[in-house]
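Please construct the entire structure, taking both the sequences and the accompanying hints into account.
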Amino acid sequence: MYQVLTDSECDLPAAVLAAGNVAAISFHTKLGDQDLINDFGKSYDINAFYQKIQTGTMPTTTQVNIGEYVAFFKPYVERQQPIVYVGFSGGLSGSMSSAHQARAMLLETYPDADIRIVDTLAASGGEGLLVLQAIKLQQAGATLDQFVNWFDENKLRLQSWFTVDNLTYLYHGGRISRTSAALGTLLKVKPILDVDPDGRLRQVFKTRTRKKSLFELADKTLAVMQSDPDQPVIVTTSGDYAAAEVVKARIIKTISTADVQIYPIGMTIASHTGFGCVAAFAMGDQLRN
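Heads up: the sequence shown begins at 1 in the numbering used here, then just goes up one per residue.
If you're looking for bench data, these hints aren't it; they were derived computationally from the structure.
You may find that some hints are simply not true.
[Claimed, not checked] Below, a list of computed lysine-lysine pairs in the BS3-like style, where the Cα atoms sit at most 25 Å apart:
{"id": "1", "residue 1": "LYS248", "residue 2": "LYS212"}
{"id": "2", "residue 1": "LYS30", "residue 2": "LYS42"}
{"id": "3", "residue 1": "LYS248", "residue 2": "LYS211"}
{"id": "4", "residue 1": "LYS212", "residue 2": "LYS253"}
[What the hints assert, rightly or not] Label pairs and their computed distance ranges (CB to CB):
{"id": "5", "residue 1": "LYS74", "residue 2": "GLN286", "range": "14 to 24 Å"}
{"id": "6", "residue 1": "THR60", "residue 2": "ASN149", "range": "33 to 43 Å"}
{"id": "7", "residue 1": "ARG79", "residue 2": "ILE37", "range": "21 to 31 Å"}
{"id": "8", "residue 1": "TYR110", "residue 2": "ASN47", "range": "35 to 45 Å"}
{"id": "9", "residue 1": "THR57", "residue 2": "ASP112", "range": "30 to 40 Å"}
In this text, a Cβ means the ideal position worked out from N, Cα and C, and glycines have one as well.
Written as structure tokens, this is what we have:
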């Protein structure tokens, strides 16, 4: 049986990954003089982290390096167990490149190893939804080839919608200009962002109030849920749980049976969005463009 692997940026609870027999590698964040590991809350308090960034502290993030991926993959390779890594978008982090290089290094020593890498082209709960699908595929008896083929054909059906409450972090992350950040803050502009087919964050349009931006997330999600109203939906937030509940409530108001879970956004993504980011994720029937 092949082993499904992922990383901490899927923003799923550790218990969900454990129940699905999925192992995860941790990303890193530096906050002041603290080196933090995104290990699903085992060594840090995510809400304390949110409080720090809410006060204006600017964390820095580093990609997972090649050596870390080699160490992560190697125990499975040594026991000749096939592995498939379902990972954080290569359009948002160089970690995916590190994973591919680690694979190449291991194949030099273990040429018969079966190491598959799936770039989800997604982040946060979007990656999480695809990891849930990975668990479902494996439990349904999909072969490794069938597993990878499903992702090749379907991963771009994932729809992701984000909004932030503070434009400063998008500016520092290079997503918007200084002028746009300053003017947007003055005018109380709330951007709506999604993830493009290359797995990169892009601004789609703007609204003028926080409430409208949250309603937009819900309405965009409802639109893609029409083909499968019973599917799982994930809403994530970097600390503004009340705002996340607004999105969930609006979805459930229209689809009363909707399965909507709210999870915290991990440190890596929260470092680039700031406090108060809210995101919603669902699978549509069309590939995103």
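task = Sort out whether LYS42 lies within 25 Å of LYS30, counting only the CA atoms.
result = holds (16 Å)
message = Taking the Cβ atom of LYS74 and the Cβ atom of GLN286, is their distance within the range 14 to 24 Å?
response = violated (39 Å)
Assessment of proposed distance window 30 to 40 Å (beta carbons of THR57, ASP112) = Violated: the Cβ-Cβ distance is about 48 Å, outside 30 to 40 Å.
query = Are ARG79 and ILE37 spaced within 21 to 31 Å by their CB atoms?
reply = Given range 21 to 31 Å: holds, Cβ gap about 26 Å.
request  = Measure nothing beyond the straight line between the CA atoms of LYS248 and LYS212; if it is 25 Å or shorter, mark the hint as holding.
outcome  = Answer holds: LYS248 to LYS212 is near 14 Å, not above 25 Å.
query = Regarding the pair LYS248 and LYS211, is the alpha-carbon distance no greater than 25 Å?
reply = holds (13 Å)
ask   = Keeping to a limit of 25 Å between CA atoms, is the pair of LYS212 and LYS253 held or broken?
value = holds (16 Å)
ask   = Measuring from beta carbon to beta carbon, are THR60 and ASN149 in 33 to 43 Å?
value = holds (38 Å)
task = For the range 35 to 45 Å, tell me whether the beta carbons of TYR110 and ASN47 fit it or not.
result = holds (42 Å)
Going down the numbered hints, you'll see the structure goes against 5 and 9, while the others check out.
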